[in-house]
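Fit chain R to the given chain X structure using the hints.
Going down the list, the protein sequences come from chains X and R. Counting along the first sequence from 1, when you hit position 14 you're at 14 in our numbering, and nothing is skipped either side. Counting along the second sequence from 1, when you hit position 32 you're at 183 in our numbering, and nothing is skipped either side.
Keep in mind that the hints were calculated from the coordinates and are not lab data. Glycine is no exception: its CB is placed at the ideal position from the N, C-alpha and C atoms. Incorrect hints may have been included.
Claimed, not checked - If we take Cβ atoms under 10 Å as the criterion, some of the chain X residues that face chain R in the derived model are:
1. Gly11
2. Ile16
3. Met129
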Amino acid sequence: MQRTTLDLWVGIFVIIGIAALMILSLKVGNLNLSGSTQSYVITGNFENIGGLKVRAPVKSAGVVVGRVTNIQFSTQTYDAIVTMDMDSRFLFPKDTFASILTSGLLGEQYIGLSAGGEGVMLKEGDKIMKTNSAMVLEELIGRFLFDKASE
Amino acid sequence: MHVSKHIVSVIQNIGHRVIESVWRLGVGSRFFLLVLLKSGTSLRRFNLVIRELYFTGVLSLIIIVVSGLFVGMVLGLQGYETLQKYGSESAVGTLVALSLVRELGPVVAALLFASRAGSAITAEIGLMKATEQLAAMGLMAVDPVARVVAPRFWAGVISMPLLAAIFSVMGVLGGYLVTVVFIGVDQGTYWSQMQSAVDFRFDILNGFIKSCFFGVAIAAIAVFEGYDAPPTAEGVSGATTRTVVTSSLAILGLDFILTAFMFRGVS
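Isolated chain X, as found in the complex (with noise of 0.2 Å):
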């Protein structure tokens, strides 16, 4: 085969290769190639977490905007911290209420964000005062059946 047919086939083979790694990354794995947009770091301490991961969306209103980086216990207070990593686009005043919610009846659990009124706005290192903790179903139906019981 003539040189120049071969090096035309393996360049278009390489050239859908490559293409179908971009396809990969930026339509199925959605990656944002505007690089690694600036973030701010804030804590929050929950009395009980559920089944909250790692990786978890922290979301306000529907939107995404931070993500869980690491759930640690404290074995001062006996209880976990989590730490999140927000999008600095999106600021949220000092006194913001963090509450572990789950989408659907199964789905994932995620940290969904209500803002307060106050004026000075969480910064880098920050810790969420307000929190509130996984609804777990045991808990719940324990509180349900003690309810009847006391009618």
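Okay, now just chain R, sitting in the frame of chain X:
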């Protein structure tokens, strides 16, 4: 007395086989290092690699594209059947994309590549050895490892990740075809569910790294078996079979090890 003799011979047989395979592994690893050492020339004279890329990569395109499409279609169909029982047929895009990008893309593409291109490499090198072309090169002071083996090795290493990516994309399109076009799942849901579940770092990059490892394994096994083949018709056919069997086993074993390292502690 007779029984104990028999037992001894059985144990001897086991020992012989183990020594033989360890010895072969050693020879193979040394050959692999030799190929790496001598690939300088073939990478400088890149035309040699391009010629081999045509035979291993371009000619494997058809089988990869068609199988990718059909694997994706079957995944879409089966996934839809199962997911709709739980009323979550919108997650079918996630199912198709995650299974393809993480596992099926790299592994099935590698298995196909081993049987399509790996066997061809082994047969070609083995036959060149059987017809004494390699020895003739040696007489002309042309190093057969640098001239024949290294270009084929690098062509295999380069084409494998590209073919795996093409396989995954075709699979995602196949799943789209069946679930969105034929069955009627909403197309926005198909893509958005997929995009929210597939992570670049953990899924796509890990799949890509996997396919690179598979490429190195297949290419190394194929060139070694060809170079090591007994110079007879029977020897070449045996070497070709061994390439396909060994590289398939190597792919599956490597896949387990890599998956255990990559996805441990994630999600």
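Report the numbers of all earlier hints that the structure fails to satisfy, in ascending order. 3
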